[in-house]
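Chemist: Read off the chains here:
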Amino acid sequence: MLVVIDYNVGNVKSVCNAFDHLGCPVELSCDRRKIEAASALVLPGVAAFGFAVNALGSLGSVIKDLALTGKPLLGICVGFQMLFDKSSEFGTHNGLGLVSGDVVAIPPGRVIPHMGWNKVVLPDDMALFAGLGTEKHFYFAHSFYANVTDKTAKIAYTDYGFKLPASVQKGNVYGTQFHPEKSGQQGLQVLHNFAQIANGRNA
Amino acid sequence: MLTRRIIPCLDVKDGRVVKGVHFLNLRDAGDPVELGARYSDDGADELVFLDITATLRSRKTIVELVQKVAENVFIPFTVGGGINSVEQMDELLRSGAEKCSVNTAAVKNPDILTQAAQRFGNQCVVLAIDARRSKTKAGHWQVTVKAGTEATDIDAVDWAVEGAKRGAGEILLTSMDADGTQKGYDIELTRAVADAVNIPVIASGGAGTLEHLYDAVVKGHAEAVLMASITHFESYTITQMKEYLRDRGIAVNL
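In order, the protein sequences belong to chains G and C. First residue of the first sequence? That's 21 in the numbering used here, and the numbers climb one at a time after it. First residue of the second sequence? That's 560 in the numbering used here, and the numbers climb one at a time after it.
Honestly, the hints are just simulated from the structure, not real lab data. Be a bit skeptical, because a hint or two may be false.
[What the hints assert, rightly or not] In silico lysine-lysine, DSS-like type, Cα no more than 27 angstroms apart, as pairs:
no.	chain 1	residue 1	chain 2	residue 2
1	G	K106	C	K724
2	C	K667	C	K572
3	G	K139	G	K84
4	C	K778	G	K139
5	G	K174	G	K190
6	G	K183	G	K54
If you're wondering where the values come from, they're calculated on a predicted model, not measured in any experiment.
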């Protein structure tokens, strides 16, 4: 069973709704045993980075350890940002450090937050984008972004006046800066693909 | 490239979508969940639900509505109307809303914007401004509160700038003069606010033709356009709006 991590931040319910809509069994939980028993984990997040990290608390290291042992993990939005080393949103906060890079402010000179539907170029070797073609629009809503320095991570980009990492894949660790649960049919396809990965059909 | 957004707005009263002129003379326009799903299928980029009664009783209804919408609609949606605490925002966001808009509460207590931004991130915090052209000062607009029933001395452009500084991540800018008239957005107001802030501005009030949408983006510098009457009463489909904009060189998600 997929477990969506419940850690008292906004919009975890939307992610569950999307999996429900796909007919994919999913449980919203903060129970350590259920998290350990899960086939895969989803770390959503609508929150400021520091608030999210504090709310996650000791579950952070549990999730990190499970990801390091090979359990598929999907981070979404702030959950995606927490995959990296640290963030400078409202002070400096450490992330899980599963993928190398820092979360920094989107450079000035454009409208911020980066809010709305932007086109993501989809590399054909990223499992989350199976069946979606070469590019699709996804819904973004964020003011900070992950400056990915990890040489071993696959990265999909969008263009916001600079190449903005929209999604990463590093082994069994996946993440999207955009909200697949709010990105219509193409977003649902991304979640479907992750569910397939969790079932070991598309890893 | 980031696309311009088409956002149908659903004013909700007693669990039904309604639409009026200058916030009065309400007409019934349908079931909110059904309409929301239909707009999503038709390619809406986002939805806005405004609880226009905003009473204690309606607050409970709106939370249930948000839950139902979130179970059926997989595009972002904003909820507003009578929100006056960070706790209420938390409940709505946890129920499935992507963003919350605050209006009167932010005028009375601007600190709510900062508190919300620090907790949820500013991308969740929409400052709704209902502005009316000043009768005494040309080229200025007054902020009104309580669904447009109460005028303040606050200048709309100044308030937008301050709101952004305090933590709003987006401005939903409604012209009280244009609302419901279908005679076009207040382009001057839209541009004055959009040029003064660095956060997205949603133009609202007055959309009646496809050209109005184009003007709001090109002349008004709006990041997004909001409309109600022309979608609820099916003057145009969302797809028609997007095709029109695309054919005139505006990036849309089509």
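Chemist: Name the hints, by number, that the structure is in violation of.
Modeler: 3, 6
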